[in-house]
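J.: Sequence:
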Amino acid sequence: MVAAVIVREGRLLVVSKKAAPDVFYLPGGKPDPGEEPTQTLSRELAEELGVRPVAPRFLADVTARAALEGVPMTMAVYEAGMSRAPRPAAELADMRWVSGRENDVRLAPAVTEHVLPLLRRRGLLTA
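Heads up: the sequence shown begins at 1176 in our numbering, then just goes up one per residue.
Simulated from the structure, these hints should not be mistaken for lab results.
Among these hints, one or two may not hold up.
[Claimed, not checked] Lysine to aspartate or glutamate pairs mimicking EDC-like chemistry, simulated, CA-CA at most 16 Å apart:
(1) K1193 x E1266
(2) K1205 x E1222
(3) K1193 x E1222
[To be verified] Simulated restraints, written as ranges between beta carbons of each label pair:
(4) P1208 x S1258: 24 to 30 Å
(5) P1247 x E1210: 27 to 33 Å
(6) G1225 x P1196: 16 to 22 Å
(7) R1295 x A1194: 28 to 34 Å
(8) P1208 x S1274: 36 to 42 Å
(9) L1299 x T1249: 21 to 27 Å
(10) P1292 x R1232: 26 to 32 Å
(11) P1263 x R1296: 26 to 32 Å
All C-beta atoms, glycine included, are put in the ideal place defined by N, C-alpha and C.
Could you build the full structure based on these sequences and the hints that come with them?
T.: Rendered as structure tokens:
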């Protein structure tokens, strides 16, 4: 798995898929055979949000329980900007900018357990 951390005005971009609209994840996905992580990131962001990643930078490898399957999964997380405002694709149910303190948003374990603490330590989130 490869995922993007996109922060704007101190908030993190998360998406939910129509297959599981109540769980929010980082945008990204599984690599195609032979793809490098940054190629996967570019393809997935184009497919999901209609954007290109700008200046992607490796942030961390994160291992956490998959939100739906409950099995361990590892993902390479990249911090990146966007080439333009995101437009959610048909496969997405929703897109939100979150501080991580919202009570009405169920975030995937990788986001709550690893990504949000890392971003807070770096001073990238407002809350």
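J.: Now, for every hint given, state plainly whether the structure supports it.
T.: Here's how the hints hold up against the structure:
no.	hint	verdict
1	K1193 x E1266	6 Å, holds
2	K1205 x E1222	12 Å, holds
3	K1193 x E1222	14 Å, holds
4	P1208 x S1258: 24 to 30 Å	26 Å, holds
5	P1247 x E1210: 27 to 33 Å	22 Å, violated
6	G1225 x P1196: 16 to 22 Å	20 Å, holds
7	R1295 x A1194: 28 to 34 Å	29 Å, holds
8	P1208 x S1274: 36 to 42 Å	37 Å, holds
9	L1299 x T1249: 21 to 27 Å	22 Å, holds
10	P1292 x R1232: 26 to 32 Å	18 Å, violated
11	P1263 x R1296: 26 to 32 Å	29 Å, holds
In summary, the structure is inconsistent with hints 5 and 10 from the numbered list given earlier, while agreeing with the others.
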